[in-house]
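Protein chains: 2
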Amino acid sequence: MDVIEAIEARRSIRKYEKRSVPEDILQKILEAGRWAPSASNAQPWNFIVLKDEGIRKEVARVTTYGKFLAEAPLGIAVVIDPRASTHPVEDGAIATQNMLLAAHALGLGTCWIGSYGSVHEEKVKKILGIPENKRLLSLISVGFPAESRKSAREELRKIVFIDRYGKK
Amino acid sequence: MDVIEAIEARRSIRKYEKRSVPEDILQKILEAGRWAPSASNAQPWNFIVLKDEGIRKEVARVTTYGKFLAEAPLGIAVVIDPRASTHPVEDGAIATQNMLLAAHALGLGTCWIGSYGSVHEEKVKKILGIPENKRLLSLISVGFPAESRKSAREELRKIVFIDRYGKK
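Protein chains in written order, with the numbering used here: chain A, 1 to 168; chain B, 1 to 168.
These are calculated hints, taken from the structure and not from any lab test. A couple of the hints might just be wrong.
Chain copies aren't distinguished; within one or between two, either way the pair holds.
Cross-link-like lysine-lysine pairs, in silico, DSSO-like; alpha carbons within 30 angstroms at most [to be verified]:
{"id": "1", "residue 1": "Lys28", "residue 2": "Lys150"}
{"id": "2", "residue 1": "Lys125", "residue 2": "Lys150"}
{"id": "3", "residue 1": "Lys168", "residue 2": "Lys158"}
{"id": "4", "residue 1": "Lys168", "residue 2": "Lys28"}
{"id": "5", "residue 1": "Lys150", "residue 2": "Lys126"}
{"id": "6", "residue 1": "Lys57", "residue 2": "Lys158"}
{"id": "7", "residue 1": "Lys134", "residue 2": "Lys18"}
{"id": "8", "residue 1": "Lys168", "residue 2": "Lys150"}
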């Protein structure tokens with residue numbers, strides 16, 4: 001799928017078919033995350049694939065806005081090491097977005113559950129055994145979409161300036 | 001260009017041809033940024049297109065790792081409003097990555113100059129007239145590439161865990 005088409009057509013999908021995500025597709029999604037750029041190429045991340053249904057349900061339960069993860073056939077947790085990069089949050093966000101785009105291109109739906117600094121971060125870290133000194137950047141639910149969504153954005157003329165903040 | 005190909009083939013490019021970036025290509029890059037997902041679709045961003053060579057040189061001068069911006073035919077500054085989103089850094093990073101991928105797909109080279117919390121952030125904010133309560137997330141240099149770069153990443157088996165941190 002064309003990259004610009006993928007960027008513009010991807011939507012947050014929270015309802016999924018029951019069927020599981022084939023292993024070869026999962027590997028392609030993880031590859032897309034692996035190839036994210038990071039500050040000084042530090043790659044300050046780990047990806048935890050949530051294959052076990054019980055663990056997905058346990059994780060979903062402690063989140064405020066991620067209950068749908070319980071019904072997704074797959075999840076991915078992006079963990080960052082804040083000491084390993086000068087820009088760990090940006091790095092982890094890029095890896096997450098790459099996986100969202102790859103998943104969309106491969107026919108899957110995803111939803112990004114923001115986790116860094118959220119009320120569920122520490123609870124999920126305990127469930128997944130993530131060390132104290134690492135941070136949970138995001139949770140991604142993954143599955144074949146069972147809904148279609150629309151979304152909207154501000155027009156460019158409202159958000160773009162030329163040469164100086166506020167100048168059009 | 002295929003999205004997975006773009007994700008895996010994109011490299012940080014710091015040397016550019018002199019020719020300028022056509023306006024229609026610039027608009028497509030900005031569109032890719034505009035369509036980024038953000039927490040609760042808050043879209044907490046503005047994009048400042050750095051068209052003026054003098055301003056690009058002034059901005060480049062105050063950065064530590066972005067001197068090459070002075071020689072790029074175009075720049076984009078991504079500004080975020082930390083009060084407008086629960087995850088403004090991630091949101092701004094996604095918008096930046098979308099623009100990098102779109103630029104690559106359109107034949108351009110870019111380099112992400114990490115700016116959030118960097119030593120140059122306040123200096124660039126002053127030059128570009130960015131309000132006190134906004135933050136500079138990134139600077140992107142853009143131009144037709146005059147170099148080709150290689151890069152590497154850790155193998156998946158080193159960074160991926162299953163169901164629990166540390167479990168393979």
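Against the structure, the hints come out as follows:
1. In this assembly of identical chains, lysine 28 and lysine 150 lie within 30 angstroms of each other by CA distance both inside one copy and across copies; the values are 26 angstroms within and 20 angstroms between.
2. Taking identical chains as interchangeable, the C-alpha atoms of lysine 125 and lysine 150 are never at most 30 angstroms apart, the minima being 32 angstroms within one chain and 35 angstroms between chains.
3. For the homomeric pair lysine 168 and lysine 158, the shortest alpha-carbon distance inside one copy (9 angstroms) is at most 30 angstroms, but the shortest distance between copies (47 angstroms) is not.
4. In this assembly of identical chains, lysine 168 and lysine 28 lie within 30 angstroms of each other by CA distance solely across copies; the values are 18 angstroms between and 41 angstroms within a copy.
5. In this assembly of identical chains, lysine 150 and lysine 126 lie within 30 angstroms of each other by CA distance neither inside one copy nor across copies; the values are 35 angstroms within and 38 angstroms between.
6. Taking the shortest alpha-carbon separations for lysine 57 and lysine 158, only the inter-copy value of 26 angstroms comes in at or below 30 angstroms, while the best intra-copy value is 41 angstroms.
7. Neither within a single protomer nor between protomers do lysine 134 and lysine 18 lie at most 30 angstroms apart by alpha-carbon distance, with minima of 32 angstroms and 43 angstroms respectively.
8. Taking the shortest alpha-carbon separations for lysine 168 and lysine 150, only the intra-copy value of 29 angstroms comes in at or below 30 angstroms, while the best inter-copy value is 37 angstroms.
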